[in-house]
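Colleague: All chains, full assembly: derive it from the sequences and hints.
Residue strings, one per chain:
Number of protein chains: 2
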Amino acid sequence: MNIGEVAERAGLPAKTIRYYEDIKLIRPARDGNGYRAFSETDLHKLTFLSRARALGFTIENCRALLALWEDQSRASSDVKRIAGEHLDEIDRKIADLQSMRDTLGELVRDCAGDGRPDCPILTGLGKPRS
Amino acid sequence: MNIGEVAERAGLPAKTIRYYEDIKLIRPARDGNGYRAFSETDLHKLTFLSRARALGFTIENCRALLALWEDQSRASSDVKRIAGEHLDEIDRKIADLQSMRDTLGELVRDCAGDGRPDCPILTGLGKPRS
DNA sequence: GGTTGACCTTCCAGTAGCTGGAAGCACCAT
DNA sequence: ATGGTGCTTCCAGCTACTGGAAGGTCAACC
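Going down the list, the protein sequences come from chains A and B. Using our numbering, the first residue of the first sequence is number 4, and each one after it goes up by one. Using our numbering, the first residue of the second sequence is number 4, and each one after it goes up by one.
Honestly, I wouldn't trust all of these hints.
One copy or two, it doesn't matter: identical chains are merged, so the pair holds either way.
[Unchecked claim] For lysine-lysine, the following DSS-like pairs were computed, each having C-alpha atoms within a straight-line distance of at most 30 Å:
{"hint": "1", "residue 1": "K96", "residue 2": "K130"}
{"hint": "2", "residue 1": "K18", "residue 2": "K96"}
{"hint": "3", "residue 1": "K27", "residue 2": "K130"}
{"hint": "4", "residue 1": "K130", "residue 2": "K18"}
The hints are simulated quantities; they were obtained by calculation from the structure and are not laboratory data.
Modeller: Next comes the structure, spelled out in structure tokens:
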């Protein structure tokens, strides 16, 4: 398989796949002409990466997960720990965004949004953090 | 005011303040010794930036907001539009994270997390995006 | 007057995870 | 032979800082 096909099937840009090879997440073989030759296993790994990245795992976590995926004698507890920590991270991010949303939502709500210069958003932003 | 004091009072690292000068968000005066000399207005701007960044506005949005803040003849509708768009952006991010959370939460829930290698998280990540 | 230590300066490099673009082969169809 | 598409490498840039080195300045203490 050439990079175009594998990109299509894994749902990743070719550029990203080359980058993943660069940072050694995958090590595809090469054809005589210098083209990358992807195996079914490579495709599977890339699909895995595509999914994991879409779920917000960092590249380094992806690397760890991929290593576990390849290790037939892994303990599922190791996987669960990484995923669980990431879940907590996501929860923290959601909470942060919620709190931003609440604060900003208030400011926007209180702003007349007309032609006059008075604006509670600007006033609110000028005050030290509460 | 030197950078240390203003950093303390605005709640920003000195490094960040130097960076903000670099990208021309602020233009503090200089003392004879080469030290930056911050005015009360500079402090106010930095407090503004600190708050706006904490609410997730991009630097470029901060620049626009700061310009409006300085423009006595602004229309509050301009401010409200920027803030409203950012609010939508935050909502989109929250929705994305929620959907990640849901998917990942299911996988984690279904994983035994013991010493055995079988792991629905790894299996789930290997499948194409649903 | 000398010395310490805190504070300030600039400049360079690195972070995460790609993405865009240039220059140049390879392959296939006409 | 020619045109178009796809592949290759390499270099630069994105966001918003952050760390660190090398060196100047200031105030205090002995």
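Colleague: Which of the listed hints are broken here?
Modeller: none
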